[in-house]
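Based on the hints, put chains B and C in the right spot on chain A.
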Amino acid sequence: MSNNMQSSISIRDLKLSFGSFDVLKNLNLEIGKGEFLVLLGSSGCGKSTLLNCIAGLLDVTDGQIFINGKNVTWEEPSDRGIGMVFQSYALYPQMTVKGNLAFGLKNAKVPKAEIEKRIARTAEVLQIESLLTRKPAALSGGQRQRVAIGRALVRHVDVFLFDEPLSNLDAKLRADLRVEIKRLHHQLKNTMIYVTHDQVEAMTLADRIAIMKGGVVMQLDSPSIIYNRPANKYVADFIGSPAMNFYQGTLDKDNNFRGDGLSLSVTGYPFEEGRVAQNQQVWLGIRPEHIRSADAAQQCAVQMGAIVELVEPMGSDTQIWSVVDKQNYRFRVDGQTEMTEGDSIRIGFDPENLSLFDRDSELRL
Amino acid sequence: MKNLNAKIASIPMIFTALVIFVGCTAWTIYHSFTNSRLLPNNNWVGFDQYERLWDTKRWIVSVGNLAIYGVCSLVISVIIGFVLAALLDRKIRFEGVFRSIFLFPFALSFIVTGLVWQWILNPEFGVQKVLQSLGWENVTFDPLYNPDLVIYGILIAGIWQGSGLIMCVMLAGLRGIDGDIWKATRVDGIKTWKTYIFVIIPMMKPVFVTALVLIASGIIKVYDLVLAQTSGGPGIASEVPAKYVYDKMFNAQNLGQGFAASTMMLVSVAIVLIPWAYLQFGGKKND
Amino acid sequence: MTDETNLVDGPRGPKPKRAFTRRNIFVYGTLLLFAVYYLLPLWVMVVTSLKGMPEIRMGNIFSPPVEVTFQPWVKAWSEACTGINCDGLSRGFWNSIKILIPSTIVSILIASINGYALSKWRFKGSETFFAILVLGAFIPYQIMIYPIVILLREAGLYGSLWGLVLVHTIFGMPIMTLLFRNYFTGIPDELFKAARVDGAGFWGIFIKIMLPMSLPIIVVAMILQITGIWNDFLFGVIYTKPDLYPMTVQLNNIVNSVQGVKEYNVNMAATLLTGLVPLVIYFISGKLFVRGIAAGAVKG
Numbered sequence: 004m005s006n007n008m009q010s011s012i013s014i015r016d017l018k019l020s021f022g023s024f025d026v027l028k029n030l031n032l033e034i035g036k037g038e039f040l041v042l043l044g045s046s047g048c049g050k051s052t053l054l055n056c057i058a059g060l061l062d063v064t065d066g067q068i069f070i071n072g073k074n075v076t077w078e079e080p081s082d083r084g085i086g087m088v089f090q091s092y093a094l095y096p097q098m099t100v101k102g103n104l105a106f107g108l109k110n111a112k113v114p115k116a117e118i119e120k121r122i123a124r125t126a127e128v129l130q131i132e133s134l135l136t137r138k139p140a141a142l143s144g145g146q147r148q149r150v151a152i153g154r155a156l157v158r159h160v161d162v163f164l165f166d167e168p169l170s171n172l173d174a175k176l177r178a179d180l181r182v183e184i185k186r187l188h189h190q191l192k193n194t195m196i197y198v199t200h201d202q203v204e205a206m207t208l209a210d211r212i213a214i215m216k217g218g219v220v221m222q223l224d225s226p227s228i229i230y231n232r233p234a235n236k237y238v239a240d241f242i243g244s245p246a247m248n249f250y251q252g253t254l255d256k257d258n259n260f261r262g263d264g265l266s267l268s269v270t271g272y273p274f275e276e277g278r279v280a281q282n283q284q285v286w287l288g289i290r291p292e293h294i295r296s297a298d299a300a301q302q303c304a305v306q307m308g309a310i311v312e313l314v315e316p317m318g319s320d321t322q323i324w325s326v327v328d329k330q331n332y333r334f335r336v337d338g339q340t341e342m343t344e345g346d347s348i349r350i351g352f353d354p355e356n357l358s359l360f361d362r363d364s365e366l367r368l
Numbered sequence: 008m009k010n011l012n013a014k015i016a017s018i019p020m021i022f023t024a025l026v027i028f029v030g031c032t033a034w035t036i037y038h039s040f041t042n043s044r045l046l047p048n049n050n051w052v053g054f055d056q057y058e059r060l061w062d063t064k065r066w067i068v069s070v071g072n073l074a075i076y077g078v079c080s081l082v083i084s085v086i087i088g089f090v091l092a093a094l095l096d097r098k099i100r101f102e103g104v105f106r107s108i109f110l111f112p113f114a115l116s117f118i119v120t121g122l123v124w125q126w127i128l129n130p131e132f133g134v135q136k137v138l139q140s141l142g143w144e145n146v147t148f149d150p151l152y153n154p155d156l157v158i159y160g161i162l163i164a165g166i167w168q169g170s171g172l173i174m175c176v177m178l179a180g181l182r183g184i185d186g187d188i189w190k191a192t193r194v195d196g197i198k199t200w201k202t203y204i205f206v207i208i209p210m211m212k213p214v215f216v217t218a219l220v221l222i223a224s225g226i227i228k229v230y231d232l233v234l235a236q237t238s239g240g241p242g243i244a245s246e247v248p249a250k251y252v253y254d255k256m257f258n259a260q261n262l263g264q265g266f267a268a269s270t271m272m273l274v275s276v277a278i279v280l281i282p283w284a285y286l287q288f289g290g291k292k293n294d
Numbered sequence: 006m007t008d009e010t011n012l013v014d015g016p017r018g019p020k021p022k023r024a025f026t027r028r029n030i031f032v033y034g035t036l037l038l039f040a041v042y043y044l045l046p047l048w049v050m051v052v053t054s055l056k057g058m059p060e061i062r063m064g065n066i067f068s069p070p071v072e073v074t075f076q077p078w079v080k081a082w083s084e085a086c087t088g089i090n091c092d093g094l095s096r097g098f099w100n101s102i103k104i105l106i107p108s109t110i111v112s113i114l115i116a117s118i119n120g121y122a123l124s125k126w127r128f129k130g131s132e133t134f135f136a137i138l139v140l141g142a143f144i145p146y147q148i149m150i151y152p153i154v155i156l157l158r159e160a161g162l163y164g165s166l167w168g169l170v171l172v173h174t175i176f177g178m179p180i181m182t183l184l185f186r187n188y189f190t191g192i193p194d195e196l197f198k199a200a201r202v203d204g205a206g207f208w209g210i211f212i213k214i215m216l217p218m219s220l221p222i223i224v225v226a227m228i229l230q231i232t233g234i235w236n237d238f239l240f241g242v243i244y245t246k247p248d249l250y251p252m253t254v255q256l257n258n259i260v261n262s263v264q265g266v267k268e269y270n271v272n273m274a275a276t277l278l279t280g281l282v283p284l285v286i287y288f289i290s291g292k293l294f295v296r297g298i299a300a301g302a303v304k305g
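Chains as they are written, first to last, in my numbering: chain A, 4 to 368; chain B, 8 to 294; chain C, 6 to 305.
The set of hints was computed from the structure by calculation and includes no laboratory data.
You may find that some hints are simply not true.
[Said to hold, decoys possible] Here are the computed lysine-lysine pairs in the BS3-like style, where the Cα-Cα straight-line distance is at most 27 Å: (1) Lys109(A) x Lys213(C); (2) Lys14(B) x Lys129(C); (3) Lys292(C) x Lys212(B); (4) Lys129(C) x Lys228(B); (5) Lys228(B) x Lys213(C).
[As the list claims (entries may be wrong)] The following label-pair restraints were derived from C-beta to C-beta distances: (6) Gly35(A) x Pro217(C): 38 to 46 Å; (7) Ile289(C) x Ala74(B): 47 to 55 Å; (8) Val203(A) x Ile188(B): 52 to 60 Å.
Glycine included, each C-beta is placed from N, C-alpha and C at the ideal position.
Pulled out of the complex, with its shape left as it was, chain A reads as follows (with noise of 0.2 Å):
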């Protein structure tokens, strides 16, 4: 029964249907002790679901969840040693601050001095203390939420699960409680899995990433792997902003691509085991920003002429929107670039830069 005692969360063969739809379909993961694990993807493609069995919330059709080793598929989601932080705060809303963070406390029968003196440090750690008095009525959103973490912060528990906890909150104060997460990870060293349909948060927060798709997981793996190196056709465009440029056409023995107006080699790109010694359909993918104007271009291995369809100011950085041979090519540039629409302009770019993807199994070559 006893598994590698560095897991923290181990998640075997999971499956759950509603009636004839599998929600989530043989699923299975390891989480490490201390690992901040972030669950990203689209709506609908499972994730809360996933974070929801693991809390117990959910009933599994199928398959064991393990926390610090322990068999919890069928225990309470309170008697499974977890926290969990709500997207709409779920404050309890007759209750006081104090209350919030006492209820699970009481429910589990923990002495009164005790619950006082950890309600007193958790007020501390998040800066609460003089909203403790308040009823949730009275809180701003970004208080909601903290109290909401508090409320998993005072149960001193190894694993804390996090739904969305800042989808509804606005830009700025996101952006604040993203950094604050990220702070009480490193000083609680806790495991920590995050559920987000923002990017951005998951390559800010994560150890890891798994990205879900239809119940799948389609990849896990640090951000940087994740973005350099997307494992299918679906994690590549998922991840980056603007998304990244696909041309197809075919890959013939030589590495030479050849398809959508692009003809190239693409000796240097570091393959994978999907490569197969023949012509191949592929996708040919380059992130914006790798794709180089100007007089970068000059250094770059392949080179084309384009005309700028479109630009975007964005403020920091400008996006291009260029054409050649009828194919959008995508681009970044400063923020102070002069170009203009109708520019004949030349781009380029590496092919170590690229990925490359089978057209029939959308995976890595």
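For chains B and C alone, coordinates are given in the frame of chain A:
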């Protein structure tokens, strides 16, 4: 067993749903095919009770009365309810006062309503006497004593009590309409009454359906009102099905007839309800 | 006066003041006319109950009393006869109170638990039971009353106060359950999940989280049940014995009894007395009453 407590707590609900609503209804339907009299028995007689029921003059009169009462109160309540709601929705002063006045009869018992209107329509002292003393010596206005008119006398009281509720439902419907619709029709220069007829009323279709279902399911239960106002008289002129059932079951010791009559009541409710339920819930399953 | 003229004439010239537009005369005229129709019976009840019998025979039922007398009220309350009993409506009043209090409490308690279970603890089949329950609201009572008589007799509750309480709980259940279910469904699921993570169970969440949040809906439910149970006639007459008859039944027996001389002033005083409790509730609760019937009426 996580849901054990929920299941235990739901026992009263499950009991009510299965034993009372399903069980008791089935029991009565079954026994409507027996010749039960003072006590229920199991002597199967087929449709005899129903044949006898439809041969009984009193039942025919009851059904006729219910039909007249039903159609009239549907039409009149909806018209009054909508007109009042539309007037109240015209940003008038004292809206709250008017609304309270229109709705208060709904808080009263049918017994109270029946007795008040019995008194107002009393020919010796009521409206008829007032009219006569004002000079119209030959006026007769005694609906409760005229077999042909008695059901309309009951209708006046029924409308008095029930139309406020319909007004409330309609008003909620009107308030639910996007204010921009009104702005758009004003910009287009459409007259107020035209806006109501061609724009607002079509938009309120679900509200009208709700109102109709509400009235229809209330009508079938009309019992107390008739009992208090006329006791079914004069003669049997204002009998209604619900009263027929009660009298057969508890006074005439003819349970079989009571069961058959109440089953007929259920059938008529089903005729109204099934198309409605189909419209209301049938469409949703497709998405 | 209206926004309409305001928009059209706009900034040009002074705002035209027309309080008596044809539109206003039509709107207020119609409303007043209907107000008279609705208020007339109330007025007739009050004035009749304050007149002596000679004045009623001579005068006009709409005219105010020349000589105000409270005798009919006293008589209706403490002397009016039903059959051999001549202790007035007061007995019916106290019976109704005795019926009202436990019926209201029990029916709301059970319905709130139902609504809670149906919204937050759905189990296999729970939606089916709920559908049957809601459909049950449309089944004519007449088809169920006799088998319920048998069930109550078997349970030894037929004719007793608790039998009637049970009947009121059963027939109030569809609408009350619907009311609570819709209210609890509106409470975010995350709050419920948070409480489960905090270790509260079915009853803990109900008592500590849900009930304290549901005061508004409890008040609405109480208004609905109090008026509904007070105004009931059919169940009272079927499921209780004469010495437990509620006020409505006793009122009908007093007014529609065939023996003796008809005392219309006493009858109207008795009628008003019976209507007083729901009227008071209605005028005190105001908007909540409207909210209650709207919640009950507009299903889904």
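If any of the earlier hints don't hold here, list their numbers in rising order.
-> 4, 5, 7 and 8
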